[in-house]
Structure formats: structure tokens, C-alpha cells
Amino acid sequence: MDLDPLVLSRIQFAFVVSFHAIFPVFTIGLASYIALIYGLAFKTNNPKWERLGAFWTQVFAVVFGMGVVSGIVMSFQFGTNWSNFALATSNFLGPILSYEVVTAFFLEAAFLGVLLFGRGKVPNGVHFFAALMVSIGTFISSFWILSANSWMQTPAGVEMRDGFYHVIDWSAAIFNDSFWYRFSHMALASFLTGGFVVAGVSAWFIIEKRDTELHRKALSMTLWLLLIIAPLQIFVGDMHGLNTLKHQPTKVAAMEANWETQKNVPLLLFAIPDQEAQKNHFEVGIPSMASLILTHEWDGEVPGIKEMPRDQQPNVPVVFWSFRIMVAMGVLMVLFAITGLILRKNKAYARNRWFLQGLRLMSLAPFVAVLSGWFVTEVGRAPYLVYGQMTQAEALTPSLTGGMALFTLIGYIAVYACVFAAGAYYLTRVIRAGTEAAEQHDDERHRAKRPLSAAEADFD
Amino acid sequence: MSEPIFDLTYVWAAIIAFGVIMYVLMDGFDLGQGILFMFAPSEHDRDIMMNSVAPVWDGNETWLVLGGAGLLAAFPLVYSIFLPALYIGVFLLLAGLIFRGVAFEFRFKAHTSRYLWNWAFAIGSTVAAFAQGAVVGAYIQGFETENMRYVGGALDWLSPFTVLTGLGLVAGYALLGATWLVMKSEGSTQQWAYRLVKPLLAAVLLIFAIISIWTPFVDPFVSERWFSHITPIWLLPILALACAFWLYRSIQAKREGTPFIATMGMFIFTYLGLLASKWPYVVPPNYTLSQAASAHESQLFLLLGLLFVIPIVLVYTAWTYWVFRGKVKADQGYH
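Chains as they are written, first to last, in my numbering: chain A, 428 to 887; chain B, 843 to 1177.
Worth flagging that the hints you see were computed from the coordinates, not collected in a lab.
Every residue, glycine too, gets a C-beta built ideally from N, C-alpha and C.
Where hints are given, some of them may not hold.
[Stated by the list, open to error] Simulated restraints on C-beta separations:
(1) 885(A) / 1033(B): 52 to 60 angstroms
(2) 431(A) / 1098(B): 56 to 64 angstroms
(3) 885(A) / 886(B): 14 to 22 angstroms
(4) 1098(B) / 588(A): 28 to 36 angstroms
(5) 885(B) / 651(A): 29 to 37 angstroms
(6) 993(B) / 844(A): 32 to 40 angstroms
(7) 744(A) / 1062(B): 39 to 47 angstroms
(8) 445(A) / 1055(B): 35 to 43 angstroms
(9) 1103(B) / 838(A): 36 to 44 angstroms
(10) 1055(B) / 838(A): 29 to 37 angstroms
(11) 566(A) / 1167(B): 31 to 39 angstroms
(12) 845(A) / 1167(B): 46 to 54 angstroms
(13) 1167(B) / 665(A): 54 to 62 angstroms
(14) 722(A) / 958(B): 42 to 50 angstroms
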């Protein structure tokens, strides 16, 4: 069997980064939520908020720990599998990725310990401040990562000399053309993830009739937040899409499975794109709708995939369907947020079992949306790693063989399967233990400044 | 482009070299707990061993992540040749570190499944230590490169020589772990740790003697550096041996803190000896520090941030160790 190290490396990177991404995207949103709760606790002096904050801080600790563990692998992937890329881009990506590590370092050293273990030991105001700084820190971390990724999508501020990118304008490189769109889109995605997980867990507690009044309050507040954030995300996503149309038209063409450059392009609700035949089967679409969305005119011209030769096109079915899954999740989120508003009367949102059970399921929706969104933007960039400048094939480690790549691919899947199973299992234990268990415990054993030591539940 | 006023390459070399030895010393003693873990006489001793490093271990490992990212920023050639050349080894290292890290967290919370986490901790630590030792051996061996790319095979890093350096570091970390335990424990656990030190010291000295004799044959450059004429670098192995003797004496005298300090001394002088052997080659045998360095403006851009953060991290680290000074007891579980 002929093993292609390029394909295997792409699968490995997709697997490792997808696995890693679900943790930070959740912790970033959750950190903001925790800061909000401790802000309320500080302002109202109501011990209920303290209890809720303590519960979610335990969940945060476990997920943060898992994110750190899975993130260690990421910082080595560029060198092991994509060494030509690492070498060529090192003058820019080296400092940028290092700043991410430095930020995380600084955050952990200064504020995470206070957030996790300082309750009751430092004044409430200081504790709230630590929560706020942790949430800001998570955003600064994502700032650097998204800057690096956006630069790979819309490279700027650099010039190529002797096979190396040299930075000639740091601010142009960091704040490149797609950066703010991607950053806003991801920030809102994190809020949605945090929000829907909190809503789902609160709904579960209400169904279970545990600490009902507290979780009803939490759910109410979260539904108000989601009512603003979910529609806002659609708006920002649309702007992000227009930005992509400007800089990466082929990606947008693949998202819409639009093969020919033409006017009055329909919005396809269903299709089976056929890359070989360069056309779609079983198309079902709304006439001219894609033209309207992308150009804001009914007869606007949309570029086609065929503008690029066959070997420079991204995998259209993957991009097309990932995009549809992401949008479907987004629409579902908006519908749930609006349903929450409709059920406001007599607090029906906390009594309607269909709605509560639906919210439980919806806690998975943001993760699906985030992962499929990343598939759209990453697969849609193919065959390039640095858009228009360096292909994935050129970026690959020259000495890498298919056998080596297969070995580590299976290895990482095995390692992550164990870690994920243990982590997910333990997370359910922490959640089951609930807010009742989040009361103050003795302090002595909490002096260990490790994230997971903040959680109270037993493993078995 | 104007020539930079000051070449930051050597500043960065110092930072990375400092980061590496910080990592080796600090993660060394807690990996050492893992290596010795299943040899401990009782579950009570294992509780003590884990508690002795629980508050500090993940801070120790962050030096590794900083080292990885710092290398990409300051010496990208090292990053882009070492990682492909050590591909399988890097995977084993990371898998080992992940397993022991997760085991660390869950062992404290587990009851019936505790034995599983014990083994994950022990095997993960030992594999990670071995892989690190093999990396050192591969660095001494040198890398087959062409036009700034690694062109060797997948298992070039795994040779009889690197297996020996791997075992050497496993023994070295075990020694560091044992002397740490002497310092942090009391009673029967401490007695057990005392008994470990001499055999481990003998093993370390034996393996390092073989490595020292073997290295000049592996790499003629090293032989030239050490044996062409009398040089001051001969002081380094002498000092390392002096530390070994100091360790022996302090164990005889049943001292508690000195053995750990003496072991750190052995590590530091051996490390400096290794650096002196290869200087200024950072990707032997072809590339020096300045050839492997990134652009001046990139080095400067990151240095500004690090100058601010490294002191804070050092103070925080020192403070953590200060808070957790003194003997560890089993019931003082940091879980």
C-alpha cells in the first residue's frame, strides 16, 4: 500500500487541532461567564452567585487542564510534520506563537491560581479581578493564535528573501486583512459555546430538580445573552464571508458549490458536488439567493470554482457540507434563543420539558459549528498553507515518510482517546456533583496550583 | 537593511540554554518520582512521592513548552531539523508526558482504578525521560542535513549510543528524584530513598563513563576539542566528579538537603561540559548558532516580551517552592 505522508499529515493535523480546539473554545467563553458571575457576586453580595461561580470554576479547571495537555502537542506539530513551513515562516510565526505561550504562562502564574483557589482567602473584589484577568488572558491567547492563522489566510507585512519570510511591518502582519473578522467570529463562537453549555447544564439541573432556583436564574440570564449573541454571530459571519470573497474567492465558490462564474447564483440547500465531473448532482436551491447574500444584489456575479485548474481547487464536497452544517447549527442556535424569548411569559422556559431537553442537546451544537467552521476555512484554503504563496506539499517535512506519519497518527488517536475518555468521564462526575458540592472546602489541600486540583469530585 | 547594533543571537542562546537546564533540573526530579514509582515499597510511599511534586510539576513542564516555542522563534533551524529527525522520539516524549500528566491529576481522585494511574504515571515518566536522553545522544551524534533540511531516516536517532544516553538520563533523573525524596520525606520513605542513592549514583557514573569514552569516537569534533591540547573545559568533568563525591559523602553523613544540591551540581557541570563539547554548533555537524538564528527583528520583537515575563515567572516559581518547603506528609494530599 502506498502511504501518502501529505494526506496523512493533513489528517493528523486536522485531528490534533480539532481535538484541541474544543477545549479553548469552551474555556474562553466560560471564563467570561465566570467573570460575569463573580462580578454579580461582588456587586450583590449574594452567596448564590458565589456558589454558581465556584461550580463553573471547577468545570473550567478540568477543561482548561485538558486544553493545556492537548495543546502541548500542537506546539511541536509544525516542526515534526510541516518543517519547511515552520522554517520559512519562523521569523513571523515564531514570535507570534511564543507570545501565545508567554501570555498563557503569565496568566497562569499571576491570576489562575487566585481564581481557582483564592475564594475566601482574598477579598471578593480581588477574586473578581482575577476572574476578569483570566478571561482577558484567554482572549489575548486566542488573539495571537488567530493572528497567526489569519496571516496564513491573508499574508501581509512580510517579504520573501532567500526562502524565508522577513517581517517588514509587524502591525500589518499581525492585523492582516482577515484578522478582525476571524477574531470577532471566533470570540462570538466562544461566547455561544460557553452560553449553550451553561444553558444545557442548567436545563439538566432544572429537569433533575436540583438547586432549581439558582439554575433557573442562570438559565434566564444566559438566554438573554444568547438572544443578543446568536443573531450577532450571523451578522459577523456574513461580514467574514464577504471578506473571504474578496481575498479567497475560490473558497467561497466551494462553500456555495458554484462551479461557473455567473450571475443569479442560487443558494443550494442540497447538492452532491462531484469534483471529478466539476458539477453538482441533485441540486435543490433558492434562485439568486447566493448572489444576494454574497454581493447584496439579486443578479450579482459570483466567482466559480473552475476559475482555478482542477489541481488547485479545494475539496468541494467537504467545504460545501461543512459550511452547511455550520450554518444549520447557527440557525438552530438563533431559533432556540428566540424560543427562549417567546417562553418568557410566566417563566415557561424553565418548565417546558421539550425546551429544556432541547437545550441539553443544544450544548453540543456550538462544538459542531466551530469544528465544521474550521473545516470550511482550513480545507477551503487548500492547496495552500500560506494562501497563494506556499502549498501544503511545499510545506511538508521532506524526510517524512508515509509510515512515520501513519505511526504517529494512530498513536495520537490512541493517546487522545484515552485522555478524552478519562477527561469527559470526569467532567460528567464534576457536573453531577453539582452546585451543592461547590461549597467551600478546607483550604490546606488546595494550595497546589494545578488546575484539576480545583475540582472536588471523585474519579470513581 | 542596516546591521543591528547588537547581535541578539547569543542573548537568545543564553536564554534557551538557561530554559533547558531549568527544565532538566526541575522536571528531572519529578520525572524521577515516576521512574522510581513502582519500585516504592508501599502505596503510602507513592502518596508521599506524588505529593512531594504535586504543587510544582506542571509549572516545571511549562519550561518545555516555552523552550519549544522559543526555539521556533530564535533558532528556527534547530526546530525544523530536530523535530523531523526525532519524529518518532518526539511522539514518544509527548505521549509519555501526556499520560503522566493526566495520571497525576486523576490518581488523586481515583480509588478502585488507582493502580492503572500508578502504571500510567510510571511508564509515562520513564518513556519521557528515555526519549529526552536519546535526544541528547542524537544531538551528540549529529544530523544528516542538506540545504537546511533533515535528509536522514526515521530511526537514525535510535542507535546503541542514543539508547545508552537514554538509559543514562533515566538513571540520572532517578538519582535526582531519589535525592529530592530524601529532602522532602521522613521515616521509612526517607530510609528507602537513602538506600536508592548509592546504587543509582554507581549506575549514573558507570553509564556516563562509558558515554564519555564513547563520545569522542562518535564525533571527531568532540575529540579534537577535548584532546588536542590542555583546555580549561577539563575543569567541568572534574567539578562534576567532585559533586558526585560530595553526594557520596553527604549520603554517608545522612544529610537531607545536600544530596539534592550535589546531584544538581553533577547535572549542571555535565550539561556545561556537553555545551562546551559542541560550541558553537547547534545543529551538528553543519550549522552553528548564528547560521540557525532567526532574523534580528524577530529576535528583538519576542525578547521585549520575554524580558518582562521571565522575571515574573521566576519569582512566581521561587515563591511556589517557598510555600511548599519542608517535609511532605501523605495525608496532606493536594487533590
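Results of checking the hints against the structure:
Taking 52 to 60 angstroms as the suggested C-beta distance range, the pair residue 885(A) and residue 1033(B) does not conform, at roughly 32 angstroms. Take residue 431(A) and residue 1098(B): their Cβ atoms lie about 58 angstroms apart, and the range 56 to 64 angstroms holds. For the pair residue 885(A) and residue 886(B), the beta carbons lie near 20 angstroms from each other, so the given range of 14 to 22 angstroms is met. Checking the proposed 28 to 36 angstroms range against residue 1098(B) and residue 588(A) shows it is violated: the Cβ atoms sit about 58 angstroms from each other.
With their beta carbons about 51 angstroms apart, residue 885(B) and residue 651(A) fall outside the hinted range of 29 to 37 angstroms. The hinted window of 32 to 40 angstroms between residue 993(B) and residue 844(A) holds, with their beta carbons roughly 34 angstroms apart. Here the CB-CB span from residue 744(A) to residue 1062(B) is close to 57 angstroms, at odds with the stated 39 to 47 angstroms. In this structure the supplied range 35 to 43 angstroms is violated for residue 445(A) paired with residue 1055(B), their Cβ-Cβ distance being about 49 angstroms.
For residue 1103(B) paired with residue 838(A), a C-beta distance near 38 angstroms keeps the hint of 36 to 44 angstroms intact. Taking 29 to 37 angstroms as the suggested C-beta distance range, the pair residue 1055(B) and residue 838(A) conforms, at roughly 35 angstroms. For residue 566(A) and residue 1167(B), the Cβ-Cβ distance of about 36 angstroms falls inside the hinted range of 31 to 39 angstroms, so the restraint holds. About 35 angstroms separates the C-beta atoms of residue 845(A) and residue 1167(B), a value inconsistent with the hinted range of 46 to 54 angstroms.
Residue 1167(B) and residue 665(A) have their C-beta atoms about 57 angstroms apart, which keeps the hinted 54 to 62 angstroms range intact. For the hinted restraint 42 to 50 angstroms between residue 722(A) and residue 958(B), the CB-CB distance of approximately 59 angstroms leaves it violated.
In summary, the numbered hints that this structure violates are 1, 4, 5, 7, 8, 12 and 14.
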